[in-house]
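Visitor: Protein chains in written order, with my numbering: chain R, 8 to 409; chain U, 1040 to 1369; chain A, 416 to 667.
Simulated from the structure, these hints should not be mistaken for laboratory data.
All figures in this text were calculated on a predicted structure; none of them were measured in a lab.
Idealized CB from N, CA, C, for every residue including glycine.
Please note that the accuracy of each hint is not assured.
[Unchecked claim] Where chain R lies over chain U, by a calculated footprint (3+ residues, C-beta under 8 Å):
| id | segment |
| --- | --- |
| 1 | 1077–1091 |
| 2 | 1106–1117 |
[Stated by the list, open to error] In silico DSS-like links for lysine-lysine, alpha-carbon gap of 27 Å or less:
| id | chain 1 | residue 1 | chain 2 | residue 2 |
| --- | --- | --- | --- | --- |
| 3 | A | 648 | A | 436 |
| 4 | U | 1258 | A | 648 |
| 5 | U | 1264 | A | 508 |
| 6 | R | 139 | R | 197 |
| 7 | A | 648 | U | 1264 |
| 8 | U | 1264 | A | 533 |
| 9 | A | 508 | U | 1258 |
| 10 | U | 1248 | A | 648 |
| 11 | R | 197 | R | 344 |
| 12 | A | 531 | A | 418 |
[Claimed, not checked] Some chain R residues close to chain U (C-beta under 8 Å, calculated; not the full set):
| id | residue |
| --- | --- |
| 13 | 252 |
| 14 | 255 |
| 15 | 267 |
| 16 | 270 |
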Amino acid sequence: MLSKRFSEKKGVKGGLLFLAILMLALLVAACGAGNDNGSQSIDPAQTETTEPTDASDSTEQDQAEQDSAADDAEGGEEGYAPPTANVTLRGAGASFPHPLFMSMFYDYNQQYPNIIVDYESTGSGGGQRALKEGTVDFAASDAYMTEEDMAEVPNGGVIHIPITIGTVAIIYNLEGIDTGLKLTQETLSKIYLGEITRWNDPLLVADNPDLDLPDQAITVVHRSDSSGTTSIFTDYLSKVSPEWAEKVGSGTAVDWPTGIGGNKNDGVAAQVAQTPGSIGYVEFAFAVENNLTYAQLRNKDGYFVFPSLEAASLAAADAAANMPEDTRVSLVEKGGKDSYGIVGTSWLLLYKEYPDPDKKAAIQHLVSWMYREGQKHAEPLHYAPIPEEIAQINDRNLAKIK
Amino acid sequence: MKEKMEAVAEQKIAIDLYKNGQNRKVMEPLFRWTSLVFAGLIVLSLAAMILVMVVESWPSITTFGIRFIWDTAWNPVTLEFGALPYIYGTVVSSIIAILVATPISIGCALFLTEMAPSWIRAPIGFLIELLAAIPSILFGLWGLFVFMPFVREYIQVPLNQFFGFIPLFAGEPRGLGMLSAGLLLAIMIIPIITALARDVISAVPSLQKEGALALGATKWEVMRKVILPYSRVGILGAVMLGLGRALGETMAVIMIIGNRPEINLSLLEPGQSMAGVIATQFNESIHSLHVSALIEIGLLLFLVTFLLNVIARFLIWKVSGGKNGVRVVQ
Amino acid sequence: MAKDMLVQDLKAWYGTQQILKNINLKIEKNSVTAIIGPSGCGKSTFIRCLNRMHEVTPGARVEGKVWFDGINLYDPDVDPVQIRKRVGMVFQKPNPFPTMSIFENVAAGLRLNGFKDKKRIPEIVERSLRMAALWDEVKDRLHESGMSLSGGQQQRLCIARSLAVEPEILLMDEPASALDPIATGHIEELIVELKDKVTIAIVTHNMQQAARIADYTAFFLHGELVEYNQTEKIFTSPDDKRTEDYLSGRFG
């Protein structure tokens, strides 16, 4: 009775119009506030070092290289011809590579109109579940599957194909310190363990002699949702801190020893922006696009480096040297003077058997296109491309599909 | 002339009766069965929802048993799950919201119905209904960018300064946390409660108010002694609807509560709500036990809502005088 | 304790519509004055002006003077709340407070007026219920809801509620219109008994009722007072043709 009375009020049309105006005003106010906070942390020097100065040139170059690589592959054993029949491929999974996939699939469909790729961004877990249930033709995940889960995959099992490299940036909000914060494996893990609680902790001061670190509490911000970003970040902390590995471990969501949670990248970024003295972690691409202030991190070889696509690809290339054939390996804390520590892979998950020959041909053609020619879409969208070393491993794995 | 008209009228009535007789044979059963099917669909979909949730959360139910309800661990790595911090977060933030929103809403409703000059009632009432219709994500954005810093500077810091010795207000005033979430929820449900309470209050017969006025009651006494007692069941219903929204509110709470599954006596500390953990962790969770535990949280949220509704029904029953007490006309 | 009341040049409006035009009338103490007239003649509005209840309705306005106990009710310094304590009112439909018991209904006025002597409340409640001829019917269930009574009992409860605060004048706005003939009879008897203690002004659409109980009768038509005199005079030999027409059922 109450709700009926409530809903039967007059003036619905006028109400909607007014509501729309009010919403707009609110949004503008919110965006304004957000931009203000973002612009506080703009650092021209940082942007210069991290973004390719001439994006179009380098992309063209990459494309040329990759085109020739693709030609090579097509000439060799791994050259796949696209099917002539109409095929629709259904995929589901990680949301992190979703924008990249959209760009790739659009381009691919322009070239091969008979193949339609339908990807649903349901999250890594959703992708893995769909793969196990057999409701998709491929899945994408920011974490590789456990032996246990792999045993449940039908159609002969699963093949992991690294498709892009993700990088995690450490962002912070310190009044007067717009750049130059240096973190080490030790300080970062201790901050997230709750052992370093103030910005003027001697360990932090020792690494940042040039900065005037305030006597302020550190508010740790982490993702409250389960995410590939968290998976990469906690994987890193587990690798560099035995204490973290023992107490917390790694996963898409963990039992955080301290801090507050933000929902998705923008939630973390907003909470860091809104909380003085806070530190958080976000997707690198997100940090770049939103001009967030991010820290330098000491790498395995002892150099402080900013996160960048090059630094991520270098880490991936280093990892490729002794990567197992199934590619189920972590990319964090790899060697190299310029490589960055917090790096991870997004995988495509494929079945080993596709009974439909057209589907098999389409999958093989699409996937090989994605990790070779399709990689030209990566850099403009701030994804690190797959290095050739890993692409070659992918060639061998893709050939195993029956 | 007059007689003739009456005769015509009689004839018409007879025809109408005949027509209705035809209609009744077809239309009434048809209407009865359609409405029965629709009513049945509601019950069925509810039953199906509960069934699916029980089935999907079965691995979690069998693994953790009843202690899931009071366990405080939530570790997706070691796969230990307990719901208590989330139950605490949802219930405490909703209680703060109700405690703050109820008196304000009733005050607003009384002002609108009894005190405000009539030319101002319609526009203000309209604005309040608009507020009630604003999507919660907008409240969340506003809460995070505007309201949260305000709460930190003007509510949390003074509370902490002057009442920091009370555990309720101890800790670091960060802005995010249980108090901010409760206050934001209060702002979100005030329009709902106000709009409903206003309708309930304006339904109080003027004869009742005049009865009190005629005894020499002041305006304030009429409100306190006549209007509020008369409309208390309806107001309680309005508050319960507000509580319902507070309990289920997801996005706005996620943005401001701090999302930390901890039970902390201090209202300045972060917490996390049941709806919040489901919304944030469901998509990317990989372990089936994790998913199952999340669904069990959903089941518990359902249960908590149900329990609170039962309590509310009981309160209404009690307020309306139980079995043989004072009857309330509503 | 009963008092009289003198109405001088009373005018009343709802919005822009004038309901009463220049009413002049004296309500004699310890008597029953009936206000009669066809629907819409302003008789209810008139009686609601006598305890300043008319102005409660949004858009309502009053001009003129009503003298009561040496003061003009419409003097700007007069508090209507104080007036209503001394000029009670019973409405068309019984309106006991539904959330209160029978006892609390009668005591409501005392409590509202901050009656200090708590011990005397039961005594006053009993006296009021007796005056309203309801005591014997409800004495064993004083703590049940007022809504559990029949319509006629509810109306007598409302009369008892008004009497509890010992008004000097009691205004009744068609108090029996919602009741059956037997309940009406009870109320009429009660009114005649009550006039020893309190002056009564009663609006009624029932001419026989006015003839049965009223000492004086005022006939209203189109917001004007057509005729006012002793009831007997009005009913037997009215001065005005319109009064005669109305009483003989020619219109209205």
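Visitor: Within 27 Å, alpha carbon to alpha carbon, are residue 648 of chain A and residue 1264 of chain U?
Guide: Answer violated: residue 648 of chain A to residue 1264 of chain U is near 45 Å, above 27 Å.
Visitor: Does residue 648 of chain A lie within 27 Å of residue 1258 of chain U when you go C-alpha to C-alpha?
Guide: Judged against 27 Å, a Cα distance of about 43 Å means the pair is violated.
Visitor: Just to be careful, I want the Cα atoms of residue 1264 of chain U and residue 533 of chain A compared with a cutoff of 27 Å; is the pair within it?
Guide: Holds, at roughly 18 Å.
Visitor: Under 8 Å between beta-carbons, do enough residues of the segment 1106–1117 of chain U, three at least, approach chain R for the coverage claim to hold?
Guide: holds (count 6)
Visitor: Can you confirm whether the C-alpha distance between residue 648 of chain A and residue 436 of chain A stays at or below 27 Å?
Guide: Since the Cα atoms of residue 648 of chain A and residue 436 of chain A sit roughly 24 Å apart, the hinted pair holds (cutoff 27 Å).
Visitor: Holds or violated: is there a CB of chain U closer than 8 Å to the CB of residue 255 of chain R?
Guide: 7 Å, holds
Visitor: Report holds or violated for chain R covering the segment 1077–1091 of chain U, Cβ cut-off 8 Å, minimum 3 residues.
Guide: violated (count 0)
Visitor: Between residue 139 of chain R and residue 197 of chain R, is the straight-line Cα distance small enough, at 27 Å or below?
Guide: Given that 27 Å is the threshold and the Cα spacing comes to 38 Å, the pair is violated.
Visitor: Once the shortest beta carbon distance from residue 252 of chain R to chain U is found, is it less than 8 Å?
Guide: 10 Å, violated
Visitor: For the restraint on residue 267 of chain R, tell me whether the closest CB of chain U is nearer than 8 Å.
Guide: 4 Å, holds
Visitor: Please verify that hint: residue 270 of chain R, Cβ, nearest Cβ of chain U, below 8 Å or not.
Guide: 5 Å, holds
Visitor: Compare the distance between the alpha carbons of residue 1248 of chain U and residue 648 of chain A with 27 Å, and conclude whether the hinted pair is satisfied.
Guide: Measuring from Cα to Cα gives roughly 38 Å; hence the hint is violated.
The structure fails to meet hints 1, 4, 6, 7, 10 and 13 from the earlier list, while all remaining hints are met.
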